[in-house]
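Student: These protein sequences, in sequence, are chains R and Z.
Yeah, the first sequence ends on 448 if you go by our numbering, and it's all consecutive.
Yeah, the second sequence ends on 448 if you go by our numbering, and it's all consecutive.
Hint data in this document are derived by calculation from the structure and do not stem from the laboratory.
For clarity, every value in this text was computed on a predicted model and none was experimentally measured.
Check the hints yourself; a few may be wrong.
Any copy, or any two copies together, can satisfy a pair, since identical chains are not distinguished.
Stated by the list, open to error - Straight-line Cα separation of at most 20 Å, EDC-like style, residue types lysine to aspartate or glutamate; simulated pairs:
1) K143 / E359
2) K276 / D87
3) K334 / D324
4) K334 / E319
So you can see what is in the structure, the chains are spelled out below.
2 protein chains.
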Amino acid sequence: MNALMEQASRARAAWLELQTADSQLKNRALDCIAQALTADREDILEANRRDLDKARQNGMSPAFIERLTLNEERIQKMADGVLQVAGLPDPVGEIMEEWDRPNGLHIQKVRVPLGVIGIIYESRPNVTVDAAALCLKSGNAAILRGGSDAFESNRALMDSLRRALSQAGLNPDCVSLVMDTSRETVNQLMRLNEYVDVLIPRGGKGLIHSVVQNATVPVIQTGDGVCHVYVDGECDQAMAQKVAVSAKVSRPSVCNSAETLLVDSAIAQVFLPKCLEELREKGVEIRGCDRVRAICPWVKPATDQDWDTEYNDLIYSVKVVDGVEAAIDHINRHGTRHSEAILTSNLEHARLFQAKVDAAAVYHNASTRFTDGGEFGFGAEIGISNQKLHARGPMGLRELTTYKYMIGGDGQIR
Amino acid sequence: MNALMEQASRARAAWLELQTADSQLKNRALDCIAQALTADREDILEANRRDLDKARQNGMSPAFIERLTLNEERIQKMADGVLQVAGLPDPVGEIMEEWDRPNGLHIQKVRVPLGVIGIIYESRPNVTVDAAALCLKSGNAAILRGGSDAFESNRALMDSLRRALSQAGLNPDCVSLVMDTSRETVNQLMRLNEYVDVLIPRGGKGLIHSVVQNATVPVIQTGDGVCHVYVDGECDQAMAQKVAVSAKVSRPSVCNSAETLLVDSAIAQVFLPKCLEELREKGVEIRGCDRVRAICPWVKPATDQDWDTEYNDLIYSVKVVDGVEAAIDHINRHGTRHSEAILTSNLEHARLFQAKVDAAAVYHNASTRFTDGGEFGFGAEIGISNQKLHARGPMGLRELTTYKYMIGGDGQIR
Numbered sequence: 035m036n037a038l039m040e041q042a043s044r045a046r047a048a049w050l051e052l053q054t055a056d057s058q059l060k061n062r063a064l065d066c067i068a069q070a071l072t073a074d075r076e077d078i079l080e081a082n083r084r085d086l087d088k089a090r091q092n093g094m095s096p097a098f099i100e101r102l103t104l105n106e107e108r109i110q111k112m113a114d115g116v117l118q119v120a121g122l123p124d125p126v127g128e129i130m131e132e133w134d135r136p137n138g139l140h141i142q143k144v145r146v147p148l149g150v151i152g153i154i155y156e157s158r159p160n161v162t163v164d165a166a167a168l169c170l171k172s173g174n175a176a177i178l179r180g181g182s183d184a185f186e187s188n189r190a191l192m193d194s195l196r197r198a199l200s201q202a203g204l205n206p207d208c209v210s211l212v213m214d215t216s217r218e219t220v221n222q223l224m225r226l227n228e229y230v231d232v233l234i235p236r237g238g239k240g241l242i243h244s245v246v247q248n249a250t251v252p253v254i255q256t257g258d259g260v261c262h263v264y265v266d267g268e269c270d271q272a273m274a275q276k277v278a279v280s281a282k283v284s285r286p287s288v289c290n291s292a293e294t295l296l297v298d299s300a301i302a303q304v305f306l307p308k309c310l311e312e313l314r315e316k317g318v319e320i321r322g323c324d325r326v327r328a329i330c331p332w333v334k335p336a337t338d339q340d341w342d343t344e345y346n347d348l349i350y351s352v353k354v355v356d357g358v359e360a361a362i363d364h365i366n367r368h369g370t371r372h373s374e375a376i377l378t379s380n381l382e383h384a385r386l387f388q389a390k391v392d393a394a395a396v397y398h399n400a401s402t403r404f405t406d407g408g409e410f411g412f413g414a415e416i417g418i419s420n421q422k423l424h425a426r427g428p429m430g431l432r433e434l435t436t437y438k439y440m441i442g443g444d445g446q447i448r
Numbered sequence: 035m036n037a038l039m040e041q042a043s044r045a046r047a048a049w050l051e052l053q054t055a056d057s058q059l060k061n062r063a064l065d066c067i068a069q070a071l072t073a074d075r076e077d078i079l080e081a082n083r084r085d086l087d088k089a090r091q092n093g094m095s096p097a098f099i100e101r102l103t104l105n106e107e108r109i110q111k112m113a114d115g116v117l118q119v120a121g122l123p124d125p126v127g128e129i130m131e132e133w134d135r136p137n138g139l140h141i142q143k144v145r146v147p148l149g150v151i152g153i154i155y156e157s158r159p160n161v162t163v164d165a166a167a168l169c170l171k172s173g174n175a176a177i178l179r180g181g182s183d184a185f186e187s188n189r190a191l192m193d194s195l196r197r198a199l200s201q202a203g204l205n206p207d208c209v210s211l212v213m214d215t216s217r218e219t220v221n222q223l224m225r226l227n228e229y230v231d232v233l234i235p236r237g238g239k240g241l242i243h244s245v246v247q248n249a250t251v252p253v254i255q256t257g258d259g260v261c262h263v264y265v266d267g268e269c270d271q272a273m274a275q276k277v278a279v280s281a282k283v284s285r286p287s288v289c290n291s292a293e294t295l296l297v298d299s300a301i302a303q304v305f306l307p308k309c310l311e312e313l314r315e316k317g318v319e320i321r322g323c324d325r326v327r328a329i330c331p332w333v334k335p336a337t338d339q340d341w342d343t344e345y346n347d348l349i350y351s352v353k354v355v356d357g358v359e360a361a362i363d364h365i366n367r368h369g370t371r372h373s374e375a376i377l378t379s380n381l382e383h384a385r386l387f388q389a390k391v392d393a394a395a396v397y398h399n400a401s402t403r404f405t406d407g408g409e410f411g412f413g414a415e416i417g418i419s420n421q422k423l424h425a426r427g428p429m430g431l432r433e434l435t436t437y438k439y440m441i442g443g444d445g446q447i448r
């Protein structure tokens with residue numbers, strides 16, 4: 035048994051206790067974590083400075099440095115986030131359903147934690163605290179494997195977290211950090227089916243793809259959003275323009291922002307010049323199909339690749355389609371099953387679009403940007419699932435649980 | 035694009051229509067399938083005879099031949115099973131939850147089919163019909179990859195199924211058989227994430243292990259049951275003996291039968307001689323720990339391996355443990371998270387056992403053998419999941435669905 039297997043085995047043992055911890059104990063632990071983060075901020079910032087020095091020496095990009103950087107305000111925000119999770123309702127123990135069978139057996143379907151969750155993420159130290167808090171509150175043990183560039187920061191945060199757990203009377207092995215950030219070790223983590231129940235990768239497309247390719251432990255895929263806005267021929271064009279623009283420009287770097295704008299040929303001649311002009315004024319690069327360019331000749335030509343690209347940037351691919359069925363067809367070919375929107379005043383078109391588009395969240399007359407745990411009212415989220423098993427869309431505390439059947443009898447045999 | 039990719043792409047296209055098919059149409063298709071199976075029975079039996087001839091030439095075991103064999107009665111049973119599925123309630127379209135957000139968005143969580151399901155199974159031709167019917171009723175397309183030994187039978191069954199779908203007005207590509215039974219092709223199926231949403235392997239441990247090791251498409255693991263019966267110190271010993279014996283002998287070949295009997299040391303001296311004698315009379319081979327053998331010296335010694343073995347046979351490993359906590363600990367180390375039972379009159383022990391044992395179904399005073407879709411009242415099942423993502427325990431029609439959020443607004447942006 036090597037170091038990682040021992041760590042995972044200890045995490046499972048700690049989880050077997052944690053699974054039945056009551057809400058009060060878990061909330062006390064979260065309070066202790068929030069306090070510890072504030073109390074230990076000097077040590078955490080010093081560790082972060084070591085990571086930052088190394089990142090600068092390695093010539094990392096300003097955006098990378100920005101994501102890696104901690105400061106007093108960010109540490110306070112982490113601590114506030116932990117307290118917010120403490121304030122959310124505990125999903126564990128809910129009796130989801132119960133019924134009696136003719137033979138007298140009474141069956142209860144009870145919500146329980148998933149078990150040991152492996153979180154694999156990049157160099158954002160805030161994920162360390164977020165993920166630990168969400169796992170803990172939902173009764174799960176967490177094994178965190180952060181990026182090597184944030185190792186010192188993560189280690190300092192983890193020291194703080196684990197001391198807080200001990201102080202609250204929980205086994206500190208409920209949360210731990212993988213200390214060896216080599217590729218071999220992360221690959222081993224992905225295959226520890228004996229101890230790890232679920233993997234949740236958080237990060238870019240490359241990271242998620244690598245986990246899906248290598249893991250034998252079940253994975254919940256998150257992120258990866260090629261989201262579409264479809265402007266139907268029958269719609270309030272002013273509202274459609276507002277939503278189509280906002281879904282791209284309000285925060286282009288996130289997965290729920292739109293990448294492709296589809297416009298019904300019935301109104302393209304009128305709608306496109308106004309809408310694309312506003313986008314251009316807001317600094318968006320437009321890449322259009324031939325029919326778009328016939329109307330707005332200044333638009334750059336889109337290539338086949340554009341329809342499958344998540345830009346995460348101020349770039350918008352735009353296509354003219356012949357009605358709602360053609361829009362649905364395009365989305366089901368090129369979408370990533372994340373978030374899709376139709377803007378229409380025709381309720382039959384809206385119904386058809388919502389029924390036929392294969393995605394976690396399908397909007398009628400609203401922006402795709404609302405696919406978010408906070409916006410859905412879940413309070414917090416660990417990610418947005420765009421696969422179909424287990425959970426779809428924003429994953430809050432409830433989505434970090436499973437169920438178990440508890441059956442009571444008086445000696446029934448079969 | 036090779037033949038399998040084309041098949042999978044057609045299955046996805048067929049599913050995009052099937053996902054919104056109403057219950058009446060799906061039930062009509064199931065009726066047509068049942069009729070077609072009866073009408074085509076001569077062709078099916080002839081194809082089956084070719085498989086049986088080959089199997090005999092290849093020297094397959096009598097048990098293998100028995101599972102492979104079709105006859106008029108078995109075909110009628112398949113057809114009856116299809117009609118039974120037609121009679122079950124359709125889970126698709128259920129509004130599971132709905133709520134309003136302060137910004138005026140109305141969110142509905144709606145039950146929808148999973149999509150394209152790949153079923154990988156061994157040489158039991160009845161799975162072809164069962165799986166197709168369950169997938170169809172729950173609005174899923176199915177790609178079936180059966181064992182090569184049943185290929186002729188499966189092809190004849192599939193011809194019959196697909197003709198019936200066309201006749202009912204559904205796209206026959208909703209159900210199809212992988213025509214190339216090579217290992218390369220099944221490995222490709224396990225990695226067709228673009229077209230296949232879920233894999234469900236049905237069969238022995240080796241098959242399931244191979245799918246888990248090779249798949250990048252999400253897998254629902256089924257089967258694999260090292261199930262325990264724990265007889266607590268405080269219990270109705272006559273009832274405990276009845277359940278402990280029945281859980282082993284009533285049908286030892288299935289995954290929900292017990293493999294290990296745990297007995298509290300407080301009553302071992304009294305309980306074991308009676309119980310093990312009855313088991314011996316019923317032809318069960320007993321393999322015991324040292325403490326069991328100190329009480330019943332005729333018992334064979336158990337090895338370490340026995341505690342992790344699913345015998346699927348009239349063999350029972352038996353161990354003396356010191357109370358309920360020790361029983362829980364043994365089960366959480368050696369169980370496969372399937373079905374576990376405690377026999378006790380102490381409600382606190384029952385509560386502790388049901389809360390702490392990590393399994394899909396945890397029984398108090400009843401046999402583990404009830405973990406079954408029919409016994410739970412689900413009407414039918416595609417398998418028993420012993421992983422934690424998505425579904426646990428018996429998987430009926432509802433467990434073959436996921437959900438999608440349908441959100442309505444009046445121009446909300448973020």
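Student: For each hint, tell me whether it holds in the structure or not.
Tutor: So, going through the hints one by one against the coordinates:
no.: 1; hint: K143 / E359; in the structure: neither (40 Å within a copy, 23 Å between copies)
no.: 2; hint: K276 / D87; in the structure: neither (43 Å within a copy, 70 Å between copies)
no.: 3; hint: K334 / D324; in the structure: within (10 Å within a copy, 80 Å between copies)
no.: 4; hint: K334 / E319; in the structure: within (8 Å within a copy, 77 Å between copies)
The structure fails hints 1 and 2 (numbered hints given earlier, in ascending order).
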